[in-house]
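Could you put together the complete structure from these sequences and hints?
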Amino acid sequence: MSVPPVAEVAATDREYARKETDHGLNARRIGHVIMELKDITLRFGGVTAIRGVSFDIREGEIRAIIGPNGAGKSSMLNVINGFYHPQEGEVWFRGQRRGPLKPHEIAHQGIARTFQNIALFRGMSTLDNIMTGRLTKMRANMFWQALWSGRAEAEEIEHREKVERIIDFLEIQAIRKTPVGRLPYGLQKRVELGRALAAEPKLLLLDEPMAGMNVEEKQDMSRFILDVNDEFGTTIALIEHDMGVVMDLSDRVVVLDYGSKIGDGTPDEVRTNQAVIDAYLGVSHD
Amino acid sequence: MARPYAGRDTFPKLLLANAREKGSLPASREKEYGIWQSWTWAEVAAETRALSLGLTSLGLKPGQSVAIIGTNRPRLYWSIVAAQMAGAIPVPVYQDSVAEEMQYVLDHAGVSFAVVEDQEQVDKILSVQDRLPTLREVIYVDPRGLRNYDHSAMHAYDQVQAAGRAAEADLGSELDARIAAGKGSDTCVMLYTSGTTGKPKGVVLSHDNILITSRAAADFDHLTERDSILAYLPMAWVGDFIFSMGQAYVKGFSVACPESADTMMADLREIGPTYFFAPPSIFERLLTTVTIRMEDAGPTKRWLYRTFMDHARACSAKRKAGQALSLGDRFMYLLGEIFVYGPLKNTLGMSRVRVGYTAGEAIGPDLFEFYRSIGINLKQLFGQTEASVFITQQPDDGVDPDCVGVPTPGVELRIDEKTGEVFYRSPGVFREYYRNPEATAETKDAEGWVATGDAGFIDERSGQLRILDRAKDVGRLKDGSLFAPKYVENKLKFFPNILEAVVFGHERESCMAFINIDLSAVGNWAERNNIAYGGYAELAAHPQVYAMIEKNIEETNRSLAEDPMLSGCQITRFLVLNKELDADDGELTRTRKVRRRIIAEKYAPLIEALYGGRDSVFAEIEVTYEDGRKGRISGNLEIRDVRTFPRREAVGRAA
Chain E
40 MSVPPVAEVA ATDREYARKE TDHGLNARRI GHVIMELKDI TLRFGGVTAI RGVSFDIREG
100 EIRAIIGPNG AGKSSMLNVI NGFYHPQEGE VWFRGQRRGP LKPHEIAHQG IARTFQNIAL
160 FRGMSTLDNI MTGRLTKMRA NMFWQALWSG RAEAEEIEHR EKVERIIDFL EIQAIRKTPV
220 GRLPYGLQKR VELGRALAAE PKLLLLDEPM AGMNVEEKQD MSRFILDVND EFGTTIALIE
280 HDMGVVMDLS DRVVVLDYGS KIGDGTPDEV RTNQAVIDAY LGVSHD
Chain B
587 MARPYAGRDT FPKLLLANAR EKGSLPASRE KEYGIWQSWT WAEVAAETRA LSLGLTSLGL
647 KPGQSVAIIG TNRPRLYWSI VAAQMAGAIP VPVYQDSVAE EMQYVLDHAG VSFAVVEDQE
707 QVDKILSVQD RLPTLREVIY VDPRGLRNYD HSAMHAYDQV QAAGRAAEAD LGSELDARIA
767 AGKGSDTCVM LYTSGTTGKP KGVVLSHDNI LITSRAAADF DHLTERDSIL AYLPMAWVGD
827 FIFSMGQAYV KGFSVACPES ADTMMADLRE IGPTYFFAPP SIFERLLTTV TIRMEDAGPT
887 KRWLYRTFMD HARACSAKRK AGQALSLGDR FMYLLGEIFV YGPLKNTLGM SRVRVGYTAG
947 EAIGPDLFEF YRSIGINLKQ LFGQTEASVF ITQQPDDGVD PDCVGVPTPG VELRIDEKTG
1007 EVFYRSPGVF REYYRNPEAT AETKDAEGWV ATGDAGFIDE RSGQLRILDR AKDVGRLKDG
1067 SLFAPKYVEN KLKFFPNILE AVVFGHERES CMAFINIDLS AVGNWAERNN IAYGGYAELA
1127 AHPQVYAMIE KNIEETNRSL AEDPMLSGCQ ITRFLVLNKE LDADDGELTR TRKVRRRIIA
1187 EKYAPLIEAL YGGRDSVFAE IEVTYEDGRK GRISGNLEIR DVRTFPRREA VGRAA
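Line by line, the protein sequences are chains E and B. The opening residue of the first sequence carries number 40 in our numbering; numbering runs sequentially from there. The opening residue of the second sequence carries number 587 in our numbering; numbering runs sequentially from there.
Please note that the accuracy of each hint is not assured.
[To be verified] For lysine-lysine, the following PhoX-like pairs were computed, each having C-alpha atoms within a straight-line distance of at most 20 Å:
(1) B:K1188 - B:K1165
(2) E:K216 - B:K617
(3) E:K141 - E:K241
(4) E:K201 - B:K617
(5) B:K1030 - B:K1004
(6) B:K1216 - B:K1165
[Stated by the list, open to error] Example chain E residues on the side facing chain B (calculated, C-beta under 10 Å, incomplete):
(7) R199
(8) E200
(9) E203
(10) R204
(11) I206
(12) M260
(13) R262
(14) D266
Bear in mind the hints are in silico, worked out from the structure with no lab data behind them. Beta carbons: idealized from backbone N, C-alpha and C, even for Gly.
Here you go:
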């Protein structure tokens, strides 16, 4: 058996990735472009939140969006999932140009997300919260669901199994029946991730998944994000402030500052990009 | 001479017999995706056979050993018998041991195959595999996260089974021959004792050891195939091996595995086992949760609980004194069963428990009485890995909280007159410590008598064995009076606020103690009294907590003064440690027993401060985190004096 390389032995991310490939690891395949954003400009009245930003997300990758406060990261995420429609520019998702969407179309297009501030149903159990993530997959109408018979029954059993697999995957069996309002913050974040996964998204958006977590919770969450990407091959776009986490997790990073793109590339490239260092990581004085 | 259990003298043969005779009865249960799955004896036999063929086709040879690492999962239990079928020796390993500890055991046992639960265990093995020259193949149950690993010497459990099914035609007769060749005197399992001192030792037990002992103890308690048990204690521990493997196979009852360690309580409630074992610490934790929840309940519920619990205690005291219960008492008890005891037993998951055991440490008389008074048949046993568990156990009609029972059928007891150490001889006595003849010779003499290392005596009232302390820990104070540290520590630990205590005093002028508070009990108290705290260290140093602990120790001293033998063990000074004693730091064994010598070395400055008469000490303590990194905790610790009481005889003389 050969030992998987440890992070310490590789000087750069690229070298680390190469070593992984040498060992037959990292068989993860990054595919074609799943989402492409061309010259996006988003304005709120007189305020320009995003100014002429272009980048793409490839199938199977973990793509990070970073930038200082007010850089337009969350707005960008909202453009990606179709909640905002940009005044200028084109959004291409899975080979099709996307126009303005109605709320139900947003829900059905295969993009799921978690929120910066947890948005769960606090009085409902973990199980029920994750079940709501299956809502777009339910076909039986309300009448049969109310009677819980026929197709609705078979369907619910099927959905329940999917949900149970997610509960098992996220290791939250012990809180299955606990109302989420009673759970600690880190676990609520995990339940929210579970709900997003329940929709079986083509593209998963995570808005600051580690905000407010302690080191251990961050490690757990990083593990889950990597596992989701690895096991289900889910494409992930995430916003995160913890630089260590971003550099470890993502395949490519796009850097925004005052609504403009100032850097784009692998974590190593971004780390050494002078514009990024100046704007975001602080100007070095040597 | 015809042996009464010919044809079922090994686990593989017993499995075949069970599949034949009890084929449709449930054997294993596991909760998966929220639903209990079960396997009958016939199904278990088929699964085990497939795995065994798979292992054989991977090259497992008779006499090799197979490590089994993980939490209680049916597939891991099956792999024990699968290894035995192939003629190999299973070696269950504590799943929470760090990589270094694991490396020692795997290397010492010369393991060639490892069947492990998940990625966590695989990673641990990979991190030390350069020091495991004999290890050839790793088989994992849960494939999660392992897809991208190098699979040249690693296999998924299901694939090994599939390969085994495909190899039935080629290897089936070879496997049958290996099963038939198995004898009762063959090695059944190798269990590594956690070891209160030094490196763990591999205890070699034969099929005869395990099966004869299991049969005797199961008959003693009239266990049948209708019974059921929840397997939640470490698989590497001999108790789990006896209860969930030995007795389950001998009697053919079903073993349920919890979904995860965190859901154990909910699973216990759903399964409602009839046979239950837990160390005192778990019974204590259960009672603590109940007490905390009752304190948060409304006044009516609190009143009901108090009234009926008082009544239950009174009834049980009367029964113990041999008095008959009056009609009124019985009626009240019946009401109590409806309002309190029944629902409480249900919450605890013990509604159906017919036989319950505790062992490992002394259990507090109040704690023991609590469970017995609500109608749970909780009993004590005294056992050891080296004895295949059972040395003594309590019969249903002879339960005394101070004693540990009468010898299990087949066991002989002898008590050394000089040291008071207990010796035993039984069919369950282990063959040897693996690759350690010196230790074997030290523990087991030529006639087969084994030293327990515990000092005790036969109680004249009940005729049962009573254990005092570890024989080597029993010492003398400077004035020559008896010093039994564990006895005192146990008395302290019976207070809900105290989680651990370490008492010093051998060859000193008086006894002094380190205390660990129980964070859940004291934390709850702090919450109710609006006391803010940032963590364990801060709460432990709180003056009101100190006052509480002081009161507890004072009470202990008062009761020690009543015992003419042990009144010298009263505690004169104590401090509350700013860190919980932990197995990762080597301060406790994996079964949470205090490692006295290591603590004495590590905390030498604190002990000197205690005996040096100072009233505070600056402590800097090294801690090890779960991933093996080290850190330091430092702070000032207060030292307090406690009131002691004169010996009772002295009071008698003065009066």
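| task | Compare the distance between the alpha carbons of K216 (chain E) and K617 (chain B) with 20 Å, and conclude whether the hinted pair is satisfied. | result | holds, 15 Å
| said: Can you verify the interface hint for R262 (chain E): is its Cβ closer than 10 Å to any Cβ in chain B? | reply: holds, 8 Å
| task | Have a go at the E203 (chain E) hint: is there a Cβ in chain B nearer than 10 Å to its own Cβ? | result | holds, 4 Å
| task | Answer holds if the nearest beta-carbon of chain B is closer than 10 Å to that of M260 (chain E); otherwise answer violated. | result | Where the cut-off is 10 Å and the nearest Cβ of chain B is about 15 Å from M260 (chain E), the hint is violated.
| Does D266 (chain E) pass the interface hint, meaning its C-beta sits closer than 10 Å to a C-beta of chain B? | For D266 (chain E), the interface hint holds, since the closest Cβ of chain B sits about 6 Å away, which is under 10 Å.
| field | Status of the R204 (chain E) interface restraint (C-beta, 10 Å, chain B) | value | Holds: closest Cβ of chain B sits about 6 Å from R204 (chain E), inside 10 Å.
| field | Agreement of K141 (chain E) and K241 (chain E) with the hint, judged by alpha carbon distance not exceeding 20 Å | value | holds, 19 Å
| query | Measuring from the C-beta of R199 (chain E) to each C-beta in chain B, is the shortest one below 10 Å? | reply | holds, 8 Å
| task | Below or equal to 20 Å on CA atoms is what counts here, so check K201 (chain E) against K617 (chain B). | result | Given that 20 Å is the threshold and the Cα spacing comes to 16 Å, the pair holds.
| message | Run the distance test for K1030 (chain B) versus K1004 (chain B): straight-line Cα separation, threshold 20 Å. | response | holds, 18 Å
| Close enough to count: is the Cβ of E200 (chain E) nearer than 10 Å to one in chain B? | Holds, because the Cβ-Cβ distance from E200 (chain E) to chain B comes to roughly 6 Å (cut-off 10 Å).
| query | Quick one, are K1188 (chain B) and K1165 (chain B) close enough, alpha carbons at most 20 Å? | reply | Holds, at roughly 13 Å.
Checked against the numbered hints given earlier, the structure breaks only hint 12 and satisfies all the rest.
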